[in-house]
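Kindly generate the complete structure, drawing on both the sequences and the hints.
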Amino acid sequence: MMFKHKYDSPSQRTNTSSLVEGNLEIDEGQRAVKEIINSRAKNAYSIVDNFVAASSEQTSFSDKSGNMTVGPGVQMQGAIRNFEKLVILGSSEGELEGENLTIGEGGFLKGTASIRNMEVVGEFQGTASVAGHVHLRSSGSIDGQITYSSIEIENGGKIKGEMSPAQNGHSNKKSPVLLNEDAPIEDTVKFSSATSRDEEDLDGSSK
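Be aware that the sequence shown starts at 1, since it is given in the numbering used here, and climbs by one per residue.
Careful: at least some of the hints might be erroneous.
Each computed DSBU-like pair below joins lysine-lysine, with the alpha-carbon atoms no more than 35 Å apart [claimed, not checked]:
#1 Lys110 / Lys158
#2 Lys85 / Lys160
#3 Lys160 / Lys110
#4 Lys110 / Lys85
#5 Lys158 / Lys85
Cβ-Cβ distance ranges computed for the label pairs, FRET-style [said to hold, decoys possible]:
#6 Asn67 / Glu105: 15 to 21 Å
#7 Ser139 / Arg31: 27 to 33 Å
#8 Gln145 / Ala79: 16 to 22 Å
In short, the hints are calculated from the structure, not lab data.
All C-beta atoms in this analysis are idealised placements derived from N, C-alpha and C, irrespective of residue type, glycine included.
What follows is the structure in structure tokens.
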């Protein structure tokens, strides 16, 4: 008399294997959904953890090198920290802390920033402490308070607020303001209303 194991049939083994794989895929899908739901409840984005907020339409993109891009049409709120390079082409509101920040064409940032270098092609509103260089492009605008080590303002760039060089422990040493490669101005720059390069009356050239 011969006894057959109930799984000796190839078709039965295949069906059982498919069922197990199907259950694993379902479990992985459920975990992914939970992670997305949990991430939407957070408002801090750490590039060190390679964490990016989810979006129903268009999202932000980051890589393991610490670079991050907020795409056009994306709106983000909260703190973004530990980035090597952050490019904002959409809208962001909150606190930034990292290395290199670029507010691209059509981009908007409102909040506070503690960064090394800053390039403004779009619009910035708020307070920024820039350890290195600030570059305001011709299409860019800044509304707020900026401290910097060096700054370059292209013809047409608009500023409303106050801009001053960082002291770095040396109260008598001030870094230059560069306006389209013109002679540097050794002074704190204050703007009480919206201005552009062609509207400015520089003390060095008018006296």
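Here is how each hint holds up against the structure:
1. For the hint pairing Lys110 with Lys158, the CA-to-CA distance comes to about 16 Å; that is within 35 Å, so the pair holds.
2. Of the pairs offered as hints, the one joining Lys85 and Lys160 holds, with about 26 Å between alpha carbons and a cut-off of 35 Å not exceeded.
3. Note on Lys160 and Lys110: the hinted pairing holds, with a Cα-Cα distance of about 14 Å set against a maximum of 35 Å.
4. Using a Cα cut-off of 35 Å, the hinted pair Lys110 and Lys85 holds, with the two alpha carbons roughly 18 Å apart.
5. Among the hinted pairs, Lys158 with Lys85 is consistent with the structure: their alpha-carbon atoms are about 24 Å apart, no more than 35 Å.
6. Range check, Asn67 to Glu105: about 18 Å between beta-carbon atoms, so the 15 to 21 Å window is met.
7. Restraint check, Ser139 to Arg31: a C-beta distance of roughly 44 Å breaks the suggested window 27 to 33 Å.
8. About 19 Å separates the C-beta atoms of Gln145 and Ala79, a value consistent with the hinted range of 16 to 22 Å.
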